[in-house]
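In order, the protein sequences belong to chains P and A. 738 is the number of the first residue of the first sequence in the numbering used here; add one for each residue after it. 8 is the number of the first residue of the second sequence in the numbering used here; add one for each residue after it.
Accuracy of the hints is not assured; some may be wrong.
Said to hold, decoys possible - Heads up, simulated DMTMM-like pairs for lysine to aspartate or glutamate below, C-alpha to C-alpha not over 20 angstroms straight-line:
| id | chain 1 | residue 1 | chain 2 | residue 2 |
| --- | --- | --- | --- | --- |
| 1 | A | 253 | P | 818 |
| 2 | P | 919 | P | 906 |
| 3 | A | 254 | P | 811 |
| 4 | P | 919 | P | 768 |
| 5 | P | 918 | P | 936 |
| 6 | A | 254 | P | 857 |
| 7 | P | 916 | P | 811 |
| 8 | P | 899 | P | 929 |
| 9 | A | 55 | A | 220 |
Said to hold, decoys possible - Some chain P residues flagged as far from chain A (calculated, every beta-carbon gap over 12 angstroms):
| id | residue |
| --- | --- |
| 10 | 742 |
| 11 | 763 |
| 12 | 765 |
| 13 | 767 |
| 14 | 898 |
| 15 | 909 |
| 16 | 917 |
| 17 | 926 |
What the hints assert, rightly or not - Here are a few chain P residues that face chain A, going by a calculated C-beta distance under 7 angstroms:
| id | residue |
| --- | --- |
| 18 | 808 |
| 19 | 820 |
| 20 | 862 |
Please keep in mind that the hints were generated in silico from the structure rather than gathered at the bench. Positions of the beta carbon are idealized from the N, C-alpha and C atoms, including for glycine.
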Amino acid sequence: MQLENVSLAYPGQNPEHPSLQDITLDIEEGEFVAVVGPSGGGKSSVINLLAGLVAPTGGQILLHGRPLTGPGPDRAVVFQDYSLFPWMTALQNIAFALKQVGGASRERARKLLEVVGLSDAAAKYPSQLSGGMRQRVAIARAFALGAPVYLMDEPFGAVDAKNRIYLQDLLLRLWTEEKQKKTIFLVTHDIDEALYLADRVVVFTPSPGRIRRIIPVPFSRPRHRSHLLRDETYIGLRNDILSLLQAELIEELEAVEGGEGI
Amino acid sequence: MKQTTLDRVLLIGALLLLWQTVTGWHSLLDPLLFPSPSKVLMLIWEDKTVFLKSILNSFRLLFFGYALAVATAIPLGLIVGWQKRLYAAVEPLMNVLGPIPPIVYIPYAIALLPTFTHSSIFVIFIGAFWPLFINTVAGVRSVERGIIDSARTLGVGRLTMLTRVLLPGALPHILTGGTVSLVLAFILLTAAEMIGATSGLGWYVKYFADFADYPRVVAGILIIGAVVLVLMGGYNRLAAYALRWKKTA
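Just chain P, same shape as in the assembly:
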């Protein structure tokens, strides 16, 4: 997956502050890339572009060397919210996704629910599930598509800390268990999440949304949270990213407020 000088300005948006400007990024097959940045930094726009929901206003996006034309089941998307259809039960949601890729089978849908530990919730509607359970179903649905690429837009953003850890490990488990490694592109505002999960972390800065730096994560897998938190390199990387984000914020404050209040 390649982004070449991609820009995106929504209609009616100030052309000097597009949502995205000159994004160039190569994502390898089977790679886990995380994007961090402040909210409103255009991170979600990248997901919408890669999903094919919006077309770039400049540059191009290539998937296996071919330009992207629109949404398709070869890229599964998990949103922070709204991924599931509220009028379908957990099982129906997964079965519906399976049907779109021609693999309609109750059995397979049930198995996927079992994998995410929600066999008992099969007949429940999303409104009857907690936020964490909903995201588990959403992840199961995404994996039901069997797509080679996964796009995740703050999938654990609205989930409490305990469930977030569970979901992160679930995601890693599903990702490592697949024979043919999936490509995952995850947007988050949680630096620890990015460093724990990803092979590379892309730091975004806002208005216009730009890539500030791409940081390879050197830790071998499987990673252990407790080890990482005491690791010097980890702490260093974490501080680097934090200061990158803060520097940008400070610059912005200087520009807007004339340096007052800093």
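Place chain A on chain P using the hints.
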């Protein structure tokens, strides 16, 4: 809950008692214009076969008119709500034609169509169509962007988008429109029957009013009330079932 039920029964009992007092027991009011409840109940029993036949005939018209409206307004509303260009073109038309009181179509429908059955079904159809259509369009337009995006990323086809995503997404609006449509359809049904029918609930009331048989008129009105009550009760249960996914546990 039990308290409410008791209160309701008491209220209805008190009203019946008051009615019986001023009409039957003391004859404070003209008995020709104000029949006592016991007399009305007796008449309902006496005319039960006529009422049954009237209800069946009325329901036949109501069913065809309403079903025709459902079968056209919902698919058209889904398409118009979904296609931005079509919506922009249709919107002014909708705003002009929608608010015309459907009763005014009755004389024209009678002139236009061969039989009373045709013209009343047509008028019921028109009356039920607009609230359903307008609400379906509004419902589609109110489906959250995120839901539609989610469907698009699954690669759903056009028909699937309409039937499995937009239709259920718009359903809360559609069912609200359906209530308005049903009430309007019933009003138009009885109005049409009072004008041109030889059977049906509206006909019953009008027919006996012409003979100044007001006890039977009151009986007819009460039956119509009961029929509407049952009809709306059934509709609301159906609607609640269709929207069971909205409830939180």
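Take a quick look at residue 917/P and tell me if its Cβ sits farther than 12 angstroms from every Cβ on chain A, holds or violated. 20 angstroms, holds
Hint check, residue 820/P versus chain A [nearest Cβ-Cβ separation less than 7 angstroms]: With Cβ-Cβ at 5 angstroms, under 7 angstroms, it holds.
For a C-alpha distance cap of 20 angstroms, please report whether residue 253/A and residue 818/P respect it. 16 angstroms, holds
Hinted pair residue 919/P and residue 906/P, Cα distance within 20 angstroms: 16 angstroms, holds
In terms of Cβ atoms, is chain A entirely out of 12 angstroms range of residue 898/P? 23 angstroms, holds
Checking hints one by one. Is residue 862/P an interface residue toward chain A, by the C-beta closer than 7 angstroms rule? Because about 4 angstroms separates residue 862/P from the closest Cβ in chain A, which is inside the 7 angstroms limit, the hint holds.
Hold the hint about residue 808/P up to the distance rule: shortest CB distance to chain A must be less than 7 angstroms. Hint holds; residue 808/P Cβ to chain A Cβ min 4 angstroms, cut 7 angstroms.
Regarding the pair residue 254/A and residue 811/P, is the alpha-carbon distance no greater than 20 angstroms? Violated, because 33 angstroms separates the two Cα atoms, which is more than 20 angstroms.
Hinted pair, alpha-carbon criterion (20 angstroms max): residue 918/P, residue 936/P. Please report holds or violated. With a Cα-Cα distance of about 13 angstroms, the restraint between residue 918/P and residue 936/P holds, given a limit of 20 angstroms.
Sort out whether residue 857/P lies within 20 angstroms of residue 254/A, counting only the CA atoms. Measuring from Cα to Cα gives roughly 19 angstroms; hence the hint holds.
Residue 55/A paired with residue 220/A [C-alpha distance capped at 20 angstroms]: Holds: residue 55/A and residue 220/A sit about 17 angstroms apart, inside 20 angstroms.
Run the C-beta distances from residue 926/P to all of chain A and say if the shortest one exceeds 12 angstroms. 18 angstroms, holds
In the structure shown, a violation is registered for the earlier hint numbered 3 alone.
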